Amino acid sequence: MTEPSENTPEVIEGTVAEPAADGLTARVARRARSRRAAIAGGSVLLACALAGGIGFTVITVQDADRSPGKPVWKLPAAKKGKQQDGAGTAAEKPKGLSAMLLPYEKEGRSPGPDVRDFGHDTELSGAKATALRKESLKGLPGRVQRELEKLVEKQDIKGMALRSYAVPARDEEDNGFTAEVTLQQMGNRSAVRDMANSAQRFLSAADVFRKGPKIKGHKDARCFLSPKAKKDGLEGAFCVGHVGDVLVNVVVDTPGPIDRRGVTAFFTAQLDRIDTPGLAV
1 MTEPSENTPE VIEGTVAEPA ADGLTARVAR RARSRRAAIA GGSVLLACAL
51 AGGIGFTVIT VQDADRSPGK PVWKLPAAKK GKQQDGAGTA AEKPKGLSAM
101 LLPYEKEGRS PGPDVRDFGH DTELSGAKAT ALRKESLKGL PGRVQRELEK
151 LVEKQDIKGM ALRSYAVPAR DEEDNGFTAE VTLQQMGNRS AVRDMANSAQ
201 RFLSAADVFR KGPKIKGHKD ARCFLSPKAK KDGLEGAFCV GHVGDVLVNV
251 VVDTPGPIDR RGVTAFFTAQ LDRIDTPGLA V
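Each step along the sequence shown adds one to the number in the numbering used here, with nothing skipped, and position 85 is 85.
Some hints could be false.
Under the rule of at most 25 angstroms between Cα atoms (straight-line distance), these lysine-lysine pairs were calculated in the DSS-like manner [said to hold, decoys possible]:
#: 1; residue 1: K158; residue 2: K134
#: 2; residue 1: K150; residue 2: K134
#: 3; residue 1: K95; residue 2: K106
#: 4; residue 1: K138; residue 2: K158
#: 5; residue 1: K95; residue 2: K158
#: 6; residue 1: K106; residue 2: K134
#: 7; residue 1: K211; residue 2: K230
None of these hints come from the bench; they were simulated from the model.
Since the structure is predicted, the reported quantities are computational estimates derived from the model, not experimental observations.
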């Protein structure tokens, strides 16, 4: 594989999941990207840029309008390797920020769809995560872009971890869903709080989203639901919160009516895992 240049985001840990031939992951992945693009306009994209969720970040980077002849920014392929999901031997267990992510297998969770070239389980260094965040701002008005780039620099990003999941239905009346979880750890704790609050304000002000469920035990976390889907359409949720110096973003897609309780339980479990000393070790 060609070595990335110094300024090119590089995947430093992770795997690439083999796509499921059938089931929830394949059905949702085929339609999730177009659904997000349809609802992610104006203030919604800006809110996601502020919160730094990878799902929207990568869509913005890949789909941004480019000047003719300008090189298209492309992420290197994720490195293939042993799954970093905590299910293997002690030597294979994830460390650092990845260890704070919910593991697979428990509660029926399994690897979700790949998020572009990142695969289903990836960790980025602070420098690479910062470069990715800045690149995602391309396409915004020049002044806004410059101000947000300065803001990203002040956030002192220490690292970013991503994991996607396929979560089974809790019972016959509910739908399963896929979830993309992004964790960002920062040296500037006030920046973590400000990012979460800013994204929540933008999403609250947007007419697109429905009010989501409250997250028990995490007053600073909120979920926003996409519009109700038409027959055979997708629904989704965008959840933002923070625990200490870690910003948490969850993007959910589901075929049909969303399982509010299931999404709430998933997001709560992720926040609790970060908030419980020793649990993620």
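Check: Tell me, which hint numbers fail for this structure?
Finding: 6
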